[in-house]
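The chain contents come next:
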Amino acid sequence: MSELQQRRVAAGAGLGLEIDRDRPLAFTFNGKAYQGYAGDTLASALLANGVDVVNRSFKYSRPRGVVAAGAEEPNAIVQLGASEATQTPNVRATQQALYEGLTARSTNGWPDAQRDMMSLIGKVGGPFMPVGFYYKTFKAPASMWLTYEKMIRKAAGLGRAPSEGDPDIYDHVHRHCDVLVIGSGPTGLFAALTAAKSGARVILCDEQERFGGSARDSDETLDGVPAPHWVAQIVERLAAMDNVTLLVRTTANGYFDHNFVTLHERRTEHLGDSAAMTGGRRQARSRLHRVRARHVVLATGAHERPLVYAGNDVPGNLLAGAVSSWIRRQAVRPGERLVLSTTNDTAYRAALDWQAAGGEVVAIADARANPEGAMVERARAAGMRIIAGSAVIEATTDRKGHRVNGARVAAVDIAGHRIDGSIETLVCDTVASSGGYSPVVHLAAHTGVRPVWRDDILGFVPGQTVAPVKGFHPVGAAAGVYSLGMAFDAIAEHLPAALAADGIALAPSAPPQLETLAQGEAVGLYHVPHDKPTMRAPKQFVDLQNDVTAAAIELATIEGFESIEHVKRYTAMGFGTDQGKLGNINGMAIAARCLGQTIPETGTTVFRPNYTPVNFGAIVGRHCGELFDPERYTAMHQWHVEQGAAFEDVGQWKRPWYYPRQKASGERETMHEAVARECRAVREQVGVLDASTLGKIDIQGPDAREFLGRIYTNGWEKLAVGKARYGLMCKDDGMVMDDGVTTCLADNHFLMTTTTGGAAAILEWLEIWHQTEWPELEVYFTSVTDHWATMTLTGPEARNLLSELTDIDLDREAFKFMEWREGTVAGVPARIYRISFTGELSFEINVQANYAMPVWEALFAHGDQYGLTPYGTETMHVLRAEKGFIIVGQDTDGSMTPEDLGMQWCVGYNKPYPWIGKRALTRSDTRREDRKQLVGLKPLDAEVVLEEGAQIVLDPKQAIPMRMVGHVTSSYYSPTLDHGFALAVVKGGHKRLGERVYLPMADGVTHVAEVVSSIFFDPKGQRQNL
Amino acid sequence: MQRYSGFSLVKHALSHHENWQRHWRNPAPKKEYDVVIVGGGGHGLATAYYLAKEHGITNVAVIEKGWLGGGNTARNTTIVRSNYLWDEAAALYEHAMKLWEGLSQDLNYNVMFSQRGVLNLGHTLQDMRDIQRRVNANRLNGIDGEVVTPERIKEIEPALDVSARARYPILGASWQPRGGVARHDAVAWGFARGADALGVDLLQQTEVTGFKMLDGKVVGVHTNRGDIGAKTVGCVTAGNSGTLAKMAGFQLPLESHPLQALVSEPLKPILNTVTMSNHVHGYISQSDKGDLVIGAGIDGYLGYGQRGSFSIVEHTLQAIVEMFPVFSRVRMNRQWGGIVDTTPDACPIISRTPVRGLYFNCGWGTGGFKATPGSGNVFAWSLAHGQMHPIAAPFSIDRFRTGALIDEHGAAGVAH
Amino acid sequence: MFYIYCPYCAEYREEEEFHPKGQAHIARPLDPMATSDDAWGDYLFFRDNPRGVHHELWVHAVGCRKFFNVTRDTRTYAILETYRIGEQPSVTADSVSTGSAASTATLTGVQA
Amino acid sequence: MTRVAYFDPHPAPTVPRQSPLHHMAEIAPTGDVAVTLREHAFRDHLNLRGEPGVLASAVESVTGLALPLEPQQVVFGDGTSLQWLSPDEWLLIVPGGEGFRLQRELRKALGDAHFSIVDVSGGQTLLSLEGEEAISVLMKSTVYDVDPRHFPVGKGVTSVFAKANAIIRRVDDTRWELVVRRSFADYCLRWLLDAGEEFGIAFQRAEHEVDAREAAPAGEAEMTT
Ligand SMILES: Cc1cc2nc3c(=O)[nH]c(=O)nc-3n(C[C@H](O)[C@H](O)[C@H](O)COP(=O)(O)OP(=O)(O)OC[C@H]3O[C@@H](n4cnc5c(N)ncnc54)[C@H](O)[C@@H]3O)c2cc1C
Ligand SMILES: NC(=O)c1ccc[n+]([C@@H]2O[C@H](COP(=O)([O-])OP(=O)(O)OC[C@H]3O[C@@H](n4cnc5c(N)ncnc54)[C@H](O)[C@@H]3O)[C@@H](O)[C@H]2O)c1
Ligand SMILES: Cc1cc2nc3c(=O)[nH]c(=O)nc-3n(C[C@H](O)[C@H](O)[C@H](O)COP(=O)(O)O)c2cc1C
Ligand SMILES: [Zn+2]
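Residue numbers (UniProt numbering), protein chains in the order written: chain R, 1 to 1026; chain G, 1 to 416; chain H, 1 to 112; chain F, 1 to 225.
Bound conformation, chain R alone:
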């Protein structure tokens, strides 16, 4: 098949430094089989095979081919993947290494990019689709927009998402280093070596397949050896140092505050569709390195700027530097006859390489009146025709627009933005252009630093860093230093001093020796004039990916979009997956000219992360699937699982929700059935709840009691040792934030319980008040949530069951309600609290969590005769609601005061210290009589269980919008009362007892309920005192 690689230069010419002709690789593109070599990128392999049309453009559906050789590529965006699960949208063919079996497709074009039907629309409709046309049309009738929109959406987009889950994994590594060097061109390598010699921790990364940057294919000699050899030597030295981490195929994508940089390392994308297993172990397809660096050396080089001329998007229009790269790296000469259009010396290399690779150089159009310099001389010596003071003003094409077939060259008057004199048409199949270089300042800009224009280099360089960006060092082309010798000197001189100031002592490094070529001065040309005015000329593309033309930019300015940010947003320039790496500066220059401003006056748009797009999975890393979020387990968790419990997520905890049993019929109980059974068991016999998730805070110190008095709304002065008390906590705005029982273990020792969800926040709440407001109070807080396993044994038989297992005297007089005792249960030392959230006789057994299971199992071993039944959170909710006990966060929502909840009994109005929340209770709004207050609701129809969240009205007949007076917060069916019942908040509810309220529901039914006390069961609280 290799005869198909018609554009591969034969071996022997010394070209193709990076390919291995002995390792052919088969791949398919748009279903057709091709071959390339190891060392190819997908782009170079496509070019080698003469594939001109790789894609269709976004708006006009024009044929497009590869233009660049790196991250800046706007056109050759492909859909990768041999299977559905490995479909990867929008891969830049220029950054995708070729591998055996690679399968790629164009992202646009129907039926394919070669024969695209949409292009008709582009051709016919193009004139009616100026920039911003959709704002001006599709408005009428309003109802039609969704239909128009569907059409627009179908035509838009690039690749597609897979419809199956990703078979690959991604991971993260957290790194810290003294010096992070981004970019491994000659300057990056030298900087890394300089820093590494000090022993400092150095990371060197480069986004490309190999280290070396421009030195990979440079014909310079460094330290006496050809540049590629020099690269190999330096890399070898660095690799031997254990203080250096080398990361190839690794892109620095985001530069965040205080020198935090994200690097994305592609570990297997050059090897296959999906990461293979190694020795039966999964490997991450890519890895995110989260780097905290003390110093960052930005050695990211510069991107070549294409020239903007008519027809500059047709396949065969290439970047000059890319042409050189393909010829030298992969021995691919992407055409036969070349016309080069340039503004500078460096681009001449493309013509020289073209000729060396056996191609014909038709002419070099140089925009400078008097090109001179070593490269120019070489071209002259090689017999090339140089047309000074001119440029390619238009690339002409074959009828289908699939390939350049000529170049119209004219003398250009740059200042006057017009052509001078006659136009010559040259026959060629390739136009390479270079309009100069743009330093890769993107990362510097991420930190908020604005790039600064430099007239001498005709480009933006990183601006002066502001305070948080310390230790930031742009070097080489990224800093606008295009002479390599000067770049080396600058590094040798400044880097050691900068690091030394931070305690990293460096021995001076001699800059590499090299021979410098005399360079002629470049000129600034961004938009090549045409013989027709911009608006009438054939399209001159600025942003190839988003089909933004020079005319679009001009029109935007005509329409009053004067800020460059407006121009960007109106035209979509720089919005693409390439973020305008090629086009932005040209676009800004065009806008500047249209507005009669300079480029620095016009300024740049903002560069933002990512430098190049990163797949979501790579950013997510292993925080997905079962590792998405921790599941917190209690010590009895496995038991619950074995019992077939259904679980409820409460915060990160998994709590048993209910325990469905197998019925006689063989079916599993429904939740309703299980809960009814569990409720009856508790009310009639005994149940047990795993309550271990409740927050528990150990409080010690002589001022513990005083502290509690300030934090809780109620009083703690008189709570005796051995006794427990319920407490409410408010924020200082008077709204209830948490509740729980706190026990006086000893004079200086309390155990606070909090809600499950509130545990961490409450501990922090205690600490913040202690540390910032009352540091003089002698008290310490320690979380013991996980230390204690808690089992709530509750129901009339609780005492009888427990007495079989404990040495504690459970007699009702010896161990009263709201007291605690210490002893053993099933031989395990335990603390037992006689507190009740069900209203039944209850014992809360606490043991060290490692011993929880023997106790839990002992309860069941003895529990049968008492009907011991495990119950979950749902039953717990029903039982507590029957008693009118609130759940903070369910019956409250951050807008309820203790008084709203009818809990004045829990407010110490006369406590001496103005406790947290007290002041707010006297504000005018908290004193309103018609505040929403907690009440009970009894549906008139006993069968009805009101919907939680149902809204309450007083007049069911009123028209919408109705006046709502409250809502249902908790609602259940009570098997004990044989009745539905609810807790609700109702405006002025405490004074409405006995009134009827209405709940109009979505299904059209209006429920009627009576406002009642929130305590439905055992109002005197006798059962818990049994």
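Keep in mind that a hint or two might mislead.
[To be verified] Mimicking DSS-like on lysine-lysine, the simulated pairs with C-alpha atoms at most 25 Å apart in a straight line are:
#	chain 1	residue 1	chain 2	residue 2
1	R	Lys911	R	Lys938
2	R	Lys154	G	Lys154
3	R	Lys957	R	Lys938
4	R	Lys136	R	Lys150
5	R	Lys123	G	Lys246
6	R	Lys150	G	Lys289
7	R	Lys136	R	Lys154
8	R	Lys539	G	Lys11
9	R	Lys1020	R	Lys816
10	G	Lys53	R	Lys136
11	R	Lys532	G	Lys53
12	R	Lys883	R	Lys816
13	R	Lys400	R	Lys32
14	R	Lys1020	R	Lys718
15	G	Lys65	G	Lys246
16	G	Lys154	R	Lys150
17	R	Lys32	G	Lys268
18	G	Lys246	H	Lys21
19	R	Lys150	H	Lys21
20	H	Lys21	F	Lys163
21	R	Lys654	H	Lys21
22	G	Lys98	G	Lys53
23	R	Lys654	F	Lys163
24	G	Lys11	R	Lys136
25	R	Lys911	R	Lys731
26	R	Lys1020	R	Lys883
27	R	Lys123	G	Lys65
28	R	Lys991	R	Lys883
29	G	Lys231	G	Lys65
30	R	Lys987	R	Lys938
31	R	Lys154	G	Lys268
32	R	Lys123	R	Lys532
33	R	Lys987	R	Lys731
34	R	Lys136	G	Lys289
35	G	Lys246	R	Lys539
36	R	Lys136	G	Lys98
Source of the hints: derived by calculation from the structure; they are not laboratory data.
For chain R, the structure is supplied; the task is to place chains G, H and F with the ligands on it using the hints.
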């Protein structure tokens, strides 16, 4: 004003689009205006538009320190919905929703208001209680919406993983069909063009640096382009409101925080609707261009840098991939940040201030884009009448002193 | 992504270990009941929210669990110093604008 | 006056117990294993709080370990360790069964001073991570800088561990310890096994731990003042 239509496009195509008019003028500031609006975001521009259109007050300037619509208006995830919990908020956002529904026609500018529906997912029992509470309240307030099951969610948004595999499986959602997205820039430009056509001066690159006062009343503003007189001043400066209030000598109950968003590369249509999850914390829709537009969280610290922490982006994408595992191979293109002005109760401030003649409209925090036409409409009414519009009245600064907050934190879910 | 010097752990730690807790140095009125509604509202809700130098409270939540103060520029996010509870800042908006102090800060947390 | 209530939570050795990771299957060290993870459950963990001036001498006399006063310092003794957690907080880990006696002695030595000692043995567990790739596994798990240049032997920190927290400390050149909370232990272990997969990771459960209680007779459960 030049009318836009399909016909005008054809006509201009014949003259190679060389004759389109400006969207708005670039006038020199006058000495004095009846009303000066500080802040040329969506809300400020809408205020000016409605002042001119509905109240005939056309001697108005909008003073913008940067470019029109360049603040949070340029940075938001464009979610529009009106299913807020509390009556006061619901009235305000529903007022806006009604205006959205005719906005493209009213402005003769296609703001691409796409009523593709909004899902707010519930992952816990408490989420579902909150959703039911909100949807019931919405219904009785005349706002569309229903509670939907996971099966129905799957029909609405097939790419979403509603299976029990998830760490926090989806238990249900609220669904507001009239919700959706709009093209944020077009909203600013449409209002700007409309206001300009009615005579409003839009002064860009003009920064208000202080207020001119006389006897406790505002009489104008200082700017970097000189002083400009004004009988009434309305400040609509979002994240910078605190700074402006300080210039006027008072504090606001506001904190300005970084809020981030991000977009993927453009994809072929894959999402039908807007999906938001408060619990796993992420929200997502797909723009007409094809990129997935994803809202990230808010940073807890103050920040005027228009950027935030990377860990927020990580958490957001974790949530997105948890909800949509098929997006693992989709790539993130760009992230950015805005400065959101948050209030203690997650509701805006539309209010008089201690300075007579000086009004503030701010505190929209993470969710004010959806209110743009409604906010401008009631604020214009208030400036025109010298008293607060009934819908705006509950949103006065005073509520932070009386304690009468309208707490949308509690049950409204993510505020976008 | 801040790199924050904890004045108690005496080293720089990653932002993920910390939680911001709002403006620093807001003392609770000593006699709340004698505080007017307006003043109480101010204490609860009204903050400086400066564009520039800000003193804020942070907690080393995943670390030593201590609260401490950070002086930070809210425009650039530069941390100018960190200092313990009970201490006063040496860098303030005034000292920064007059160009004094910052370099003479002797507190433990001055960022190197 | 009873100032503080505390007791010996350990029953007789005959009572079975379960470590937080009892349900996780062991992974035998087969193939080229570069990391070995072990659970060292059932040790006694005491959380000490107080001013250094209050605690230092008492702690040293009772435990034989000098109270580490430098931030991030851990001292290791024979089966014991004492780690700085905060300027007024330390973690003392001792063989299972010794915690109660030590607490009693410490309380006696500290007398009326203001301090706090809390038994947290049931609430957390100790894991060790050993082998040449132990650092690599940690680098995948914590934002803290675990490079030997920054994390010498004898250092210990509390930091972020995946989406949980952990105490991380370095015992010797290749051995690290993690203290994780009981309810997060399952998650942390799953995370570690996942992070270690590429290197080869083995996991040994707590059963292999020697029980100090078997050596010494069990103290009675005793209520103390
Ligand atoms: C990332 C992100 C996502 C969001 N997502 C949503 C969403 O999905 N749905 C939703 O409803 N809302 C969302 N919001 C919130 C929404 O963007 C804002 O509430 C809304 O855009 C505010 O509009 P505005 O006109 O008040 O403010 P802005 O658009 O910020 O305008 C304020 C203007 O005031 C100018 N200004 C400031 N100071 C001065 C001065 N001194 N002189 C002159 N001019 C000044 C600014 O330059 C700015 O242009 C989001 C916000 C962000 C940041
Ligand atoms: N004469 C001129 O006009 C001119 C213009 C430009 C460059 N040059 C020459 O080019 C050379 C520049 O050397 P250099 O070392 O500064 O740059 P370089 O171009 O050689 O190397 C830059 C490297 O950084 C990598 N990179 C860029 N962004 C990255 C990111 N975000 N993450 C990871 N890697 C990234 C690139 O892939 C490349 O490998 C010099 O020889 C210079 O003379 C000359
Ligand atoms: C809804 C929406 C969609 C966006 N889509 C894209 C996009 O597809 N490509 C892109 O580069 N930026 C996109 N952006 C981001 C903008 O480029 C820009 O980052 C944002 O408006 C903030 O401005 P700034 O980055 O200039 O500060 C989008 C922004 C919004 C609000
Ligand atoms: Zn600390």
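For each hint, the structure was consulted:
no. : hint                 : verdict
1   : Lys911/R / Lys938/R  : 37 Å, violated
2   : Lys154/R / Lys154/G  : 21 Å, holds
3   : Lys957/R / Lys938/R  : 21 Å, holds
4   : Lys136/R / Lys150/R  : 17 Å, holds
5   : Lys123/R / Lys246/G  : 56 Å, violated
6   : Lys150/R / Lys289/G  : 11 Å, holds
7   : Lys136/R / Lys154/R  : 20 Å, holds
8   : Lys539/R / Lys11/G   : 20 Å, holds
9   : Lys1020/R / Lys816/R : 16 Å, holds
10  : Lys53/G / Lys136/R   : 21 Å, holds
11  : Lys532/R / Lys53/G   : 43 Å, violated
12  : Lys883/R / Lys816/R  : 20 Å, holds
13  : Lys400/R / Lys32/R   : 21 Å, holds
14  : Lys1020/R / Lys718/R : 23 Å, holds
15  : Lys65/G / Lys246/G   : 17 Å, holds
16  : Lys154/G / Lys150/R  : 20 Å, holds
17  : Lys32/R / Lys268/G   : 23 Å, holds
18  : Lys246/G / Lys21/H   : 22 Å, holds
19  : Lys150/R / Lys21/H   : 46 Å, violated
20  : Lys21/H / Lys163/F   : 21 Å, holds
21  : Lys654/R / Lys21/H   : 29 Å, violated
22  : Lys98/G / Lys53/G    : 17 Å, holds
23  : Lys654/R / Lys163/F  : 16 Å, holds
24  : Lys11/G / Lys136/R   : 13 Å, holds
25  : Lys911/R / Lys731/R  : 17 Å, holds
26  : Lys1020/R / Lys883/R : 10 Å, holds
27  : Lys123/R / Lys65/G   : 41 Å, violated
28  : Lys991/R / Lys883/R  : 20 Å, holds
29  : Lys231/G / Lys65/G   : 20 Å, holds
30  : Lys987/R / Lys938/R  : 17 Å, holds
31  : Lys154/R / Lys268/G  : 7 Å, holds
32  : Lys123/R / Lys532/R  : 19 Å, holds
33  : Lys987/R / Lys731/R  : 22 Å, holds
34  : Lys136/R / Lys289/G  : 17 Å, holds
35  : Lys246/G / Lys539/R  : 51 Å, violated
36  : Lys136/R / Lys98/G   : 22 Å, holds
In this structure, the hints that do not hold are numbers 1, 5, 11, 19, 21, 27 and 35, in rising order.
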